[in-house]
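Trainee: Going down the list, the sequences are from chains B and W. Heads up: the first sequence begins at 4 in the working numbering, then just goes up one per residue. Heads up: the second sequence begins at 2 in the working numbering, then just goes up one per residue.
It should be emphasised that the hints constitute simulated quantities derived from the structure, not laboratory data. Keep in mind that this is a model prediction, so the values were computed, not measured. A virtual CB, placed ideally from N, CA and C, is assigned to each residue, including glycine. Hints are not guaranteed to be accurate.
Stated by the list, open to error - Listed next, the in silico EDC-like pairs over lysine to aspartate or glutamate satisfying Cα-Cα at most 16 Å (straight line):
| # | chain 1 | residue 1 | chain 2 | residue 2 |
| --- | --- | --- | --- | --- |
| 1 | B | Lys177 | W | Asp373 |
| 2 | W | Lys223 | W | Asp372 |
| 3 | B | Lys349 | B | Asp290 |
| 4 | B | Lys177 | B | Glu193 |
| 5 | W | Lys223 | W | Asp373 |
| 6 | B | Lys122 | W | Glu49 |
| 7 | B | Lys243 | B | Glu360 |
| 8 | B | Lys84 | B | Glu23 |
| 9 | W | Lys318 | W | Asp373 |
| 10 | W | Lys4 | B | Glu280 |
| 11 | B | Lys177 | B | Asp97 |
| 12 | W | Lys4 | B | Asp290 |
Stated by the list, open to error - Stretches of chain B that chain W covers, calculated by requiring three or more beta carbons in the stretch to come under 8 Å of a beta carbon on chain W:
| # | region |
| --- | --- |
| 13 | 12-19 |
| 14 | 57-65 |
| 15 | 288-302 |
| 16 | 320-326 |
| 17 | 353-364 |
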Amino acid sequence: MSRIPITGIGVIAPGAIGVEAFRAQLAAGQTTIAEVERFDTAGLSAHKAALVTDFRPKEFIAPMKMRRMNVLSRLGVAAAKLAIEDCGGTLEHDTGVSVGTAFGPVQTSVEYMQEYVAKGAALAPPQLFAESVANAPGSHIAIEWGLRGFNITITQRESSVLAAAMFASSQLLKNNVRAALIGGVEEANEMLFSVLDRIGALAHANGNADEAARPFDRRRNGLVLGEAGAMLVAGGGTRKPYGYLSGFGMARDTSASISDWGTDPTAVANAMRAAIEDAELSLPDIDAIYASANGSVRGDALEQRAIESLFTRVPPVVATKGIFGEYAAGGGLQLAAALIALDEQKLHASPGFEEGELPVTRETRDAQLRHVLVNTLSAGGGVVCAVVSREAA
Amino acid sequence: MRKPDLSTRIAVTGAGIICSIGRNKAEVWSSIVESRAGIRKMTAFPGETFPTDLAAEALADLAGELPIGKREAKRLSRTDLLAVIAAKEALEQANGAPIARAIVSTGTSTGGLLEGEQYYFGRLVRGRRREPASRVLQQPTSAPSDAVARVFNLGGGVISNATACASAGAAIGMAADFLRSRHADVALAGGSDALCRLTYSGFNVLQAVDPEPCSPFGATRKGITLGEGSGYLVLERWDDAVTRGATILAELCGYGASCDAHHPTAPIEDGRGAEAAMRGALAEARLGALGEAGLATVDYVNAHGTGTLLNDSAETKAIISAVGAGVPVSSSKSYFGHTLGASGAIEAVVTVLALQHQIAPPTLRLGTAADDCSLDYIPHTPRPMAMANVLSNTFGFGGSNVSLAFRRVL
């Protein structure tokens, strides 16, 4: 059996800069979702998001370098710096970088097109174009620390970071690299927000219910957009591991359309089962599920049915996206929260959940956790699940 | 967690391609043996004022090549549609593979950015509340994988790789490792990218576009010619393919990946990153450099060969260091331009065809090689030659490098 230790966590999250602040935020179990002030939401159904508002990139990145980076790259480099500091060691040159992002540099592309329209196709700024590729954050991370192992960027919507972790794990197990930085970046912006709002994906005030993320709750009516940067050090460092990546499984729900969740729970259940089998565990070994649920009507219903179909006794379910929204660090915050749960032996609260069928945690509490299942269901039908474990074997 | 078992051989049992020189393998190979490039005046964006005007465009109207109806096609981006066409050809050739369990691993750099631009322009005119948002639903770079999986009802999983121009090479390598670790049973792996204004403008403002058709490794080279297209391979574990009686086109025997960690857009001048990727692929394939005792060597390198001053010089140094100065090398971008995130897949398909036919594609328009390009670049015309082991290189922005090794099936 092979497990991958995670020895460092770096987080730039809404209301939490650094892993200690993130721990405190998770323990408090409070949502970070608030009214959007960064851009105009007038005329839209939704008006709230989980935004990073107190991030000062110059505290992490030299000014000359910072000018060449977009917001995603700054989030990624700052989160990587925190993760490397947290792991208590240094990373060798043969370290890989595996980054996930659901939507990538949408804002940079918008800014490029603004310049394209204003100045013409021949005079748009080349620096913006260089940052318009999704792998710019991974590139800057490699340059900052001289990391010459594989460098890859995965963009599989909600499953981006777990897929990135799955690939990085395969390369660590092959001994292609000694360590890897695994994580994700995501930026909330007006274009993404308004498009998600127009297609009816975002939570909105409805009758007596306020606008909120309500994962697995009966009153849910959509997801809330989040943003963050989160990086993990895998396979290197000297700190006692938070936990270990011990298994992965993936599948695709063939009933899904290209941009929505489907209705057949079989694939989701298959991916969960595959991850558990990959970890050489059985269903009763799973002590908790850190769910994909984000408050969407279809996605949450699909995941609930899959969990109910797979587990005879459903373990406690934690839905973290009521805290920091969907797409937060491409799914990186969800994975980081599961690892912190193992480290602290605590299950986190699921703000936004009040009434539903699953045993969803309502408050943070102590728990004996050996293995936690992490689910990600992406719109379009992709499913990637992981098992994270407390011990090396 | 299961680790990739490097003793597990990976068979290529299907291949599909569409680009400016053909709608399928037969047309593409015919163009290659006839030294017929697909680089012309660009027709896609009339009225725009780009500094250059050439491109390697695929068929403008893709409807006749699609296995889906107009209504379904309308929901997909051009990048998605190109992917569906190449995937269809690959899956048909792999007839009998258990594709219901197939994973789709796709590399793309732009995804549905073309449709995203149209949405952006529409918003400028009509405002965000009136411009239909459905037009931008296919912008995410996850869309080509999702679209292909949806069209062909593939249930193994979807993974999208957006590592700039190294995307498709990485997607293929990743799929092979997931087969080796038995996280997947069969894989449809490749890449797709359509031309769009942002990339056409962007490479121009970087001054990376040759105003003439690109001439990789040439003394007068000035940059790339942008292209578009898609390529896919069907990958299976060798024993599974043999058991089901599949026709095996080639063996994918090595995958190497590295990063220059040098610059956001420029390769490191000495080519050490590219060299490391090639060495990784050679090690997995148990191949050695020319003259290295006890190991088989590489017979041909399908180079990244973009036509930029920096790439071609750095790649030449890398090939000399990793493989040897005597190996024949060519750039098929001289036929169909730089197809960005799809290039690793399109060129992998061409490399597999070269192995099958035992003919190395040439580098077109290579009058005189540059002083810093000292290899045998197979100028002008295809070269019949014995090839057992070959490499296909793909490098991208951010210094990401991928090299794939393929072996002939006897």
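Trainee: Against this structure, judge whether each hint is valid.
Mentor: Here's how the hints hold up against the structure:
With a CA separation close to 36 Å, the supplied pair Lys177(B) and Asp373(W) exceeds the 16 Å bound. Between Lys223(W) and Asp372(W) the CA atoms are separated by roughly 14 Å; this keeps the pair inside 16 Å, and the hint holds. Restraint check: the Cα-Cα separation between Lys349(B) and Asp290(B) comes to about 11 Å, which is no more than 16 Å; the hinted pair holds. For the hint linking Lys177(B) to Glu193(B), the alpha-carbon distance of about 42 Å lies beyond 16 Å, and the restraint is violated.
Pair hint Lys223(W) plus Asp373(W) holds up; C-alpha atoms about 14 Å apart against a cutoff of 16 Å. Straight-line distance between C-alpha atoms of Lys122(B) and Glu49(W) comes to about 12 Å, which keeps the hinted pair within the 16 Å bound. For the given pair, Lys243(B) sits about 37 Å from Glu360(B) by alpha-carbon distance, which is inconsistent with the 16 Å threshold. Of the pairs offered as hints, the one joining Lys84(B) and Glu23(B) holds, with about 14 Å between alpha carbons and a cut-off of 16 Å not exceeded.
As the CA atoms of Lys318(W) and Asp373(W) are separated by approximately 9 Å, the hinted pair is consistent with the 16 Å bound. Simply put, Lys4(W) and Glu280(B) have alpha-carbon atoms about 13 Å apart, close enough for the 16 Å limit, and the pair holds. The hinted pair formed by Lys177(B) and Asp97(B) meets the criterion: a straight-line CA distance of about 13 Å does not exceed 16 Å. Note on Lys4(W) and Asp290(B): the hinted pairing is violated, with a Cα-Cα distance of about 25 Å set against a maximum of 16 Å.
For a cut-off of 8 Å, the count of residues in the region 12-19 of chain B with a CB near a CB of chain W stands at 0, and the three-residue condition is violated. For the region 57-65 of chain B, the stated coverage by chain W is not satisfied: 0 residues place a CB nearer than 8 Å to a CB of that chain, which falls below the threshold of 3. Counting residues of the region 288-302 of chain B whose beta carbon lies closer than 8 Å to any beta carbon of chain W gives 0, which falls short of the minimum of three for the stated coverage. Residues of the region 320-326 of chain B with a Cβ under 8 Å from some Cβ of chain W number 0, which does not satisfy the need for three, so the listed coverage is violated.
Only when three residues or more bring their CB closer than 8 Å to a CB of chain W does the claim for the region 353-364 of chain B stand; here the count is 0, and the claim is violated.
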